[in-house]
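> Take 0 as the starting number for the sequence shown in numbering that gives the first Met the number 0 and just add one per residue.
Honestly, the hints are just simulated from the structure, not real lab data. A few of these clues could be false.
[Stated by the list, open to error] Distance condition first, Cα-Cα at most 20 angstroms in a straight line; then the derived SDA-like pairs of lysine to any residue:
no. : residue 1 : residue 2
1   : LYS511    : ASP541
2   : LYS386    : ALA463
3   : LYS96     : LYS511
4   : LYS629    : GLU660
5   : LYS135    : ASN108
6   : LYS536    : LYS386
7   : LYS690    : SER173
8   : LYS499    : ASP468
9   : LYS257    : ALA463
On a predicted model such as this, the values are computed, not experimentally measured, just so you know.
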Amino acid sequence: MAILGQIRSKPWLLMGVIALALLAFLVNPESIDKVFGKNPDVLGKVNGEKITREEFNDQLFVLQQQADQQGQPKAGLEEQAWQLLVQSKLIKQQFEKLGFEMTEDYFWNQIQYDQMFAQQKQFFDEKGNFKTQELKKQIEEMKATSPESYNQWLKNRKSIEYRLMARQVFANVSTGITTGKKEAEELMKERDQLADIDFVKIDYASYLQKNNIKVTTEDLANYINQHPIMFKAEESRNLGIVYFPSQPSAADDAAAQKEITKLFSAGTDASGGTENFQNTKNDSMFVMANSDMPFNNQYLKPNQLPQTIQAQIPSAAIGQTFGPYKEQNFYVVSKLLDKKTSDSTLSRHILIAYKGSPAGEGVTRSKEAAKKLADSIGAIVKANPGKFTEFLKLSSDPNSAAQGGSLGWTTPETPFVPEFLTYLANNPKGATGVVETQFGYHIINIEDKKPGAMGYKVANLVKAVKPSDATEAETDKKARRFIQQVQGKSFNDFVNIAKKGNYQFSNPKQAKRFDGQLQGLGTDKDAEILAWAFDKKREKGDTEFFTVDGTGDKIVVYLNGKQEKGTADPESVRDQIEVVVKNKLAAKQISEKIGKAGSLDQIAKQFGTTKQSAQVNLLNPSVAGSMEPKVAGATFGVKKGQLSKPVEGGTGVYVLVKKNEIVNKQPGDLKQFTESVTQRSAGMFGQAWLKSLQDNAKIEDYRIEIWNKLGSQQQ
């Protein structure tokens with residue numbers, strides 16, 4: 000029972016069914032297949048293996064559950080779900096190539112190592128053994144009593160299977176990672192070999208402060224062409240976005256303040272001005288009828304109340320009012336309705352389940368028989384509490400029964416069923432009673448009580464400061480004037496006009512079709528904007544106007560570029576590589592200026608810098624705090640006392656003179672060193688190997704094609 004309760008309390012099993020369908024197909028799939036040439040239920044393939052829409056939805060469901068647990072937004076996870084599915088397919092293919100099979104026995108033997116269970120103590124007994132049979136039993140109960148929860152478990156199980164396969168594959172493949180004797184000897188030599196150098200460094204940042212270098216699109220393209228594997232690109236769009244928030248004006252703020260003041264002390268129109276928040280006899284109904292936020296009937300701690308009144312509440316009298324005051328974009332008036340302590344209760348119970356109840360597996364008694372038995376036990380225990388333990392053998396909660404029926408200390412916030420909590424709240428220490436819940440009949444005995452923190456019931460009448468129709472109309476006018484100004488203009492004009500108007504501008508340069516959210520925006524229109532940008536009829540230079548639902552905010556979007564699948568468009572990756580390319584252009588200029596200089600002192604004087612000294616090692620190529628492998632390589636490649644050629648480092652251009660070399664033999668034998676190198680290599684292997692698998696796989700993505708064709712059919 001306890002494990003079942005824990006499973007039920009986990010968001011990964013309890014969350015309701017979420018609408019997950021990425022594509023809603025309302026016609027016969029076979030007819031769509033004939034018209035479009037692609038089955039809309041197959042979103043892509045990985046090395047010929049299908050990725051189905053159902054699989055995609057299940058993966059998305061799991062990600063949304065995780066986001067919900069972490070308090071993160073559940074929107075915009077489609078692309079992450081796709082990438083995880085692609086990687087999962089690749090792992091599964093490798094798993095099967097190694098001769099493994101995901102059988103039932105394999106799954107249940109390995110499940111204890113999965114991240115969902117490995118760190119959860121409740122799934123292991125006192126000897127450290129995983130409670131496999133108990134977990135299986137609870138899942139079978141779930142299957143019989145809660146089909147929705149069981150379906151959620153099946154979705155999570157698929158993710159668990161992929162993780163178990165990945166664990167096995169990585170373990171097997173990394174076992175084959177070894178370090179050869181010659182390789183280890185060479186690495187030990189690099190580790191022990193040191194060189195003392197004098198050098199001059201012309202720092203890129205300092206040089207560029209004095210020498211303006213502009214990176215052209217051609218410069219970016221040349222760099223990309225030199226590193227084509229680094230710049231493989233998926234289909235994306237370069238967008239210019241200007242956002243026009245419909246913010247309340249000073250007049251809108253004053254109107255909200257006036258309205259709440261009237262409700263607080265003057266009176267409502269419905270009552271003819273006779274009933275207001277101060278004199279109302281029904282606070283909850285008054286709030287429900289007049290507030291922009293619903294009435295909360297719970298008792299709250301002071302830190303859960305509006306910040307403005309937190310310090311005043313503890314000393315306030317019942318019925319005292321506060322306000323009007325402002326909290327963010329809301330005007331509020333509050334009234335203290337009640338206060339009481341939140342007791343902590345130590346209790347124990349005996350659960351009498353019946354056939355068909357969630358805890359009633361294997362129980363044959365009827366509900367009527369269960370009630371009769373529970374009442375009988377309750378009467379005996381009430382008369383003689385010492386007899387409580389004699390009836391624990393009848394409890395359908397074996398885990399609490401093993402603890403003498405104890406449920407430990409609880410508070411009103413403990414996630415127990417309401418009927419149980421109500422009994423604990425309304426009865427004193429020593430009380431015994433029978434309570435019916437969805438699980439059956441509980442004989443509850445309250446062993447102890449202690450007072451907790453004070454809780455306060457407060458009625459909050461809230462009025463949001465909203466933009467008026469006039470304010471929204473002004474925002475709309477401003478946005479429409481802007482789109483008229485930029486239609487048919489270049490992207491530079493679009494940006495300049497936006498900056499001149501001091502409008503909110505953003506430029507997501509690599510927006511993917513299924514990102515869900517746009518960098519710099521984050522509204523409920525993001526998905527619609529992406530659909531617009533990826534419409535096959537869309538051309539560079541197109542603009543569009545969007546209105547955010549519920550807020551009146553306006554968005555103007557400019558399509559600045561279309562990146563097809565292949566090599567990245569230079570401008571789309573400018574932010575990523577401009578600094579690197581600029582440094583390379585600077586390095587070329589610096590090297591040309593150095594020319595055939597005869598000494599380090601001459602070079603230092605030429606560039607207004609100083610000569611420095613360092614000790615360099617090939618295996619750990621740190622030079623004056625910067626990792627510079629090219630400088631270390633040049634050090635051991637130049638003759639002693641000879642001026643090196645300019646070396647293009649990561650942080651600047653170096654010229655050096657090697658003064659001497661020494662060997663500093665470190666402790667440890669070849670075997671020990673070889674093992675440490677192997678362990679380090681194995682640790683770095685996983686992600687690199689998976690990326691290599693993905694780079695070399697045949698991955699077919701039909702999502703955009705299916706979406707566009709379906710959209711054409713619907714238009």
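> Look at each hint and say if it fits the structure.
Evaluated hints:
1. Proposed proximity of LYS511 and ASP541 is supported: the alpha carbons are some 18 angstroms apart, at most 20 angstroms.
2. With a CA separation close to 59 angstroms, the supplied pair LYS386 and ALA463 exceeds the 20 angstroms bound.
3. Among the hinted pairs, LYS96 with LYS511 is inconsistent with the structure: their alpha-carbon atoms are about 33 angstroms apart, more than 20 angstroms.
4. In summary, the hint linking LYS629 to GLU660 is supported, as the alpha carbons are separated by about 17 angstroms, within the 20 angstroms threshold.
5. Of the supplied pair hints, the one linking LYS135 and ASN108 holds, its CA atoms being roughly 12 angstroms apart against a limit of 20 angstroms.
6. At roughly 80 angstroms between alpha-carbon atoms, LYS536 and LYS386 are farther apart than 20 angstroms, so this suggested pair is violated.
7. At most 20 angstroms may separate the alpha-carbon atoms for a hinted pair to count; LYS690 and SER173 meet this at roughly 15 angstroms.
8. Straight-line distance between C-alpha atoms of LYS499 and ASP468 comes to about 26 angstroms, which puts the hinted pair past the 20 angstroms bound.
9. For the suggested pair LYS257 and ALA463, the alpha carbons sit about 12 angstroms apart, so the restraint of at most 20 angstroms is met.
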